[in-house]
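Engineer: Following the hints, complete the assembly by docking chain B onto the known chain A.
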Amino acid sequence: MKQHNRLIKLVLAIALLASFGGASFGQQPLDRTKVPAPGKTPQLSVPTWTKTALPNGATLIVCESHNLPLVSFTITFVGGANQFEPADRRGLAAMTASMLSEGTTTRTGDQLSDALQLLGTNVGNGIGSEEGTMGFVSTTAKFPATLAILEDMMLNPSFPADALERLRARTLIGLTQAKDQPVIISGQVFAKVLYGSQHPYGQRATEASIKALTRDDVMAFHKAYYQPAHAIITVVGDVNPASVKRTITETFKPWIKAGNQPSFNYPLVPAQGTAAIYLVDKPGAAQSVFNIGLPGPPRNTPDYFALLVLNHILGGQFQSRLNYNIREVHGYSYGVNSSFAYGKGPGAFRAGGSVVSGKTDAALIEFMKELHGIVGERPVTDEELKTSKDALIQGLPRNFGSVSSTGGSITNLMVQGLPDDYYQRYAANVSAVTKDDLLRVAKRYLDLDHLAIVIVGDRSSVEAPLKATGVAPIKILDLEGNPAPVSAGGSTNNAPK
Amino acid sequence: MPSMNLSITRIGWLKRTAIGVAALLALGLAQQFLASGNGSVATAQRKTTSSADAIKIPFESYKLANGLNVILSIDRATPTVAVNLWYHVGSKNEVPGRTGFAHLFEHVMFTGSGHVPYGLHDKLTEGIGGNNNGSTTNDRTNYYEIVPSNYLESALWLESDRMGFLLDKLDLAKLNAQRDIVKNERRQSYDNQPYGRVSEIFSAAIYPKSHPYSWPVIGSMEDLSRASEDDVKDFFRLYYSPNNATLAVVGDIDIAQTKAWIAKYFNDLPQGQPVTRPSMAPVKLESAKRLVYEDRVQIPRLYIQWPTVGDKHEDIYPLSLMGSILTGSRTARLTKALVYDSQAATQVGAFQRGNEDVGEFQIVVIPRPGHSLTELEGAVDAILQKFMNEGPTAEEMQKATSGRELSFLRGLESNLGKANQLLDGAVFHGDPGFFRTDYLKTLSVTAADVKRVANNYLPRARVVLSVVPKGKKDQASKAAESQTVVEQRAEVRGGKS
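Same order as they appear, the protein sequences are chains A and B. Counting from 1, one number per residue, gives the positions in the first sequence under the numbering used here. Counting from 1, one number per residue, gives the positions in the second sequence under the numbering used here.
Hints were generated in silico from the structure; no laboratory data involved. A hint or two may mislead.
Said to hold, decoys possible - Calculated cross-link-like contacts (lysine to any residue; reagent style SDA-like; alpha-carbon spacing at most 20 Å):
1. B:259 to A:31
2. B:312 to B:282
3. B:472 to A:283
4. A:245 to A:55
5. B:174 to A:329
6. A:34 to B:264
7. B:123 to A:395
8. A:34 to B:115
9. A:142 to B:404
10. B:264 to A:36
11. A:389 to B:119
12. B:123 to A:319
13. B:259 to A:36
14. B:336 to A:167
15. B:472 to A:180
16. A:142 to B:329
17. A:179 to B:295
18. A:142 to B:54
19. B:123 to A:396
20. A:179 to B:264
What the hints assert, rightly or not - Coverage of chain B stretches by chain A, computed from C-beta distances (three or more under 8 Å per stretch; other residues unrestricted):
21. 138 to 152
22. 297 to 311
23. 326 to 336
24. 398 to 404
25. 411 to 418
Even for Gly, the Cβ is constructed at its ideal location relative to N, Cα and C.
Isolated chain A, as found in the complex:
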């Protein structure tokens, strides 16, 4: 009897085991608590490229990639609006770039657009603060024809006067629309607070500067800017280096040697005042937009890799200290982050994001807690350091994920004056960063006594709670970043609009 019972139990047990998850009898059950170990680390391959000085002074970079019948072509001009634009003509560089699509001596704007559309592509033009680009991605078959149109746009623009007026009107509407966007306002006011109105980093196009632009300004800018001496031509994709060099030399024959490498001499950044909250009123706003920071180092700082790791830990990833605390633990925001705006000059360090209005004060306290933490109250741990380095090093292939991003990654080395083997040495440079380095650069670059805390939000509900935090005194600014008229009581509903 007993034995029989035991047998039944055994049969039942086997049946149960088999029914659980359908694993067949005899197979080892899966232990799901065990994190699967990674396989052998794949070889990180960095693309190779050729670099040639063309007779006209431009640099030609060619990187072959034959995975797909695609070609990315870009001309990058070193130096941008800050180097080539008069201070009272902010917006001129961007306007000139836009005007290149408006017609050439042999094609109208409509004809350019139609020709490019039939080639299935489009030529993009833009000039930023420190560099400008003209370029496209095309199929291999359409590359020469698209290149010929780009050449025409760059060298033979006709600058129709009516097009300038249309683009001027569009730009002015864009400036008006920007005033509706708390995120844009916050960024603009932040730049003005940090750099003042005399430094190019604090300047931007205004209604007045856009209205002042003339066709002569555009023509003069074009002549000074679109010159080969400061140009880098980058071709990535399904091309042969020798034949693409011939095609480019032939196509750009009329582009003769001229221009100079720009200098990047910026005026001194004004001394930063003691830490303050700069509050910009956006009545009824559902969220407060934060930008907290101060001027930082240029891209060529020897502290670059330490700062890269530091920022990654502080606010450069989803599980960064800032986002973990303010989003994941407290739910004050959909996401916050931090960054260094590296350039040729002292680009800003900033931390920020959009925070629910009712938690503006609480979020500020948490931002400050994390900033104080990273400069010494809560030093980076071994675990944080290791994870950050792993992430940065193994994330390198992302720079080469498409023909256009590969082109950008290579060109950036030339623009920033970095060595050609930068990506080969990248892992070693990141690996070399120590916890001591992180503490040193945090203390050096995150000067919390001189932080600008710019908040764009509903003043009537956030001012008093912000004041109560005692983090810093509050100064009220208008949408342009100028001191707003002081209102009685400071935090009442009759705050100036």
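Structural biologist: Showing chain B alone in chain A's frame:
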């Protein structure tokens, strides 16, 4: 894809495209934007001769005994792999009173599961140089990991654990934290965004009350507050079973090894109940609607929307081309007439937006100062009438399709993008290779097809929405006939549950 979906994502700030698409969508330019790819260098074929030859993504697919669909595709361009899991459930599966739940649930899926503590998911993705995210549309919810290829096994382990064991570690505190984050996502992407509420106003206006497409994916603040722990459990049991999911693994993989890992981690997850889906016929409006919404903006906008058909309907191909012909370039009908010739507008956009079951065709116009929305509506209608009479020219047809090959090829540069194409075909059309059918159908559209859909859909009853500055309802198109959209979902200032 000929049409596009609005999706919202777990992580906003890491995903620039999420914000970019939303902003461009408001301008009706999203299709052009979506056409450009980014991501990682890709696949197979060395040289291509004709357009159709290039339209290839090699893949194989199979089904596990528990109903999980699997798609595998090799691409060794970079040593990375994308794991992408689609559940065939979206906001249309919600019930009135619980809107926004599918997306809130998506957030809960990142809070840890039976054998995966909170934070490990991010550590095994962004912590090793990869990334992860999820997104929710009306029709489906997806989750993906992009990792170095030696971490594929752990990525599959992560996905299988939350498919099988999410509820083991669920608690109310986790749900509440995600609820706060989602509310901030709503504030950031809709409430604090100029023109940010347009899409939900249209959903409510086009679809009958309680129709599954009548509410926004993000949901309402009240409904988000209501979601309970039991709701999470019920939703998970109903929709998060292997038989309602499709898994794609694309990148640097070994097929046999990948199949073995998928079997190891997914085979023992039990099959769930069959999922019943509401079948929905496209809607027609009984009569035209004319709405005005006051927003915190300075420049008014005119939106016109017609109910059309969903992505399974043949008419989406000519409808999508009609969008390109009307506003796809500077010589497109509406753009040329309104932005370049009369210059009454600064920007116009037109596009077909499709979901699994339903779709809409939308036109948006941003006026120049001095031109009323009433004037612009009349101008748009005159151009549409002429277009309905004439149909498109041969050149217009050619221009509208000439960019398709390049956009498809650029899409192949990203493992994630390829995975999404294969999944879209598998989930909505029952064929991972549907991308090719889709492409060929787009190219085979005739001018007569476009003329037919123009005459079929554009004369139907439509919704005209004027978004105007606060207190400026008189700026609406035909203001006297317009009905005011009230702020139904405004939250109490400073409130946070």
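Engineer: Please go over all the hints and tell whether each is borne out by the structure.
Structural biologist: Hint by hint, here is what the structure shows:
1. At roughly 19 Å between alpha-carbon atoms, residue 259 of chain B and residue 31 of chain A fall within 20 Å of each other, so this suggested pair holds.
2. In summary, the hint linking residue 312 of chain B to residue 282 of chain B is supported, as the alpha carbons are separated by about 11 Å, within the 20 Å threshold.
3. Restraint check for residue 472 of chain B and residue 283 of chain A: satisfied, since their Cα atoms lie roughly 17 Å apart, inside the 20 Å limit.
4. Proximity of residue 245 of chain A to residue 55 of chain A is assessed by CA-CA distance (about 12 Å); at most 20 Å being required, the pair is judged to hold.
5. Taking the CA atoms of residue 174 of chain B and residue 329 of chain A, the gap is near 10 Å; set against the 20 Å cutoff, the hint holds.
6. Of the pairs offered as hints, the one joining residue 34 of chain A and residue 264 of chain B holds, with about 13 Å between alpha carbons and a cut-off of 20 Å not exceeded.
7. Restraint check for residue 123 of chain B and residue 395 of chain A: the C-alpha separation of about 13 Å stays at or below 20 Å, so the hint holds.
8. Pair hint residue 34 of chain A plus residue 115 of chain B holds up; C-alpha atoms about 8 Å apart against a cutoff of 20 Å.
9. A hinted pair counts as satisfied when its Cα atoms are at most 20 Å apart, and residue 142 of chain A with residue 404 of chain B qualifies at roughly 13 Å.
10. Proposed proximity of residue 264 of chain B and residue 36 of chain A is supported: the alpha carbons are some 11 Å apart, at most 20 Å.
11. A threshold of 20 Å between alpha carbons decides the hint, and for residue 389 of chain A with residue 119 of chain B the separation of about 17 Å falls inside it, so the pair holds.
12. Of the pairs offered as hints, the one joining residue 123 of chain B and residue 319 of chain A holds, with about 8 Å between alpha carbons and a cut-off of 20 Å not exceeded.
13. At roughly 16 Å between alpha-carbon atoms, residue 259 of chain B and residue 36 of chain A fall within 20 Å of each other, so this suggested pair holds.
14. Only pairs whose Cα atoms come within 20 Å are accepted, and residue 336 of chain B paired with residue 167 of chain A is accepted, the gap being roughly 14 Å.
15. With a C-alpha separation of about 16 Å, the suggested pair residue 472 of chain B and residue 180 of chain A falls inside the 20 Å cut-off, and the hint holds.
16. With a CA separation close to 19 Å, the supplied pair residue 142 of chain A and residue 329 of chain B stays within the 20 Å bound.
17. Of the pairs offered as hints, the one joining residue 179 of chain A and residue 295 of chain B holds, with about 13 Å between alpha carbons and a cut-off of 20 Å not exceeded.
18. Straight-line distance between C-alpha atoms of residue 142 of chain A and residue 54 of chain B comes to about 14 Å, which keeps the hinted pair within the 20 Å bound.
19. A C-alpha spacing of about 17 Å is found between residue 123 of chain B and residue 396 of chain A, which places the hinted pair at or below 20 Å, so the restraint holds.
20. With a C-alpha separation of about 55 Å, the suggested pairing of residue 179 of chain A with residue 264 of chain B is violated against the 20 Å cut-off.
21. Residue count for the stretch 138 to 152 of chain B with a Cβ under 8 Å from a Cβ of chain A: 5. That meets the three needed, and the coverage hint holds.
22. Proximity of the stretch 297 to 311 of chain B to chain A, defined as three or more residues with a beta carbon under 8 Å from a beta carbon of that chain, is established by the 3 residues found.
23. Requiring three or more residues with a Cβ within less than 8 Å of a Cβ of chain A, the coverage given for the stretch 326 to 336 of chain B holds, as 5 such residues are present.
24. Under a criterion of three residues with beta carbons nearer than 8 Å to beta carbons of chain A, the stated coverage of the stretch 398 to 404 of chain B is upheld, 5 such residues being counted.
25. Proximity of the stretch 411 to 418 of chain B to chain A, defined as three or more residues with a beta carbon under 8 Å from a beta carbon of that chain, is established by the 3 residues found.
Hint 20 alone, counting from the list given before, is not met by this structure.
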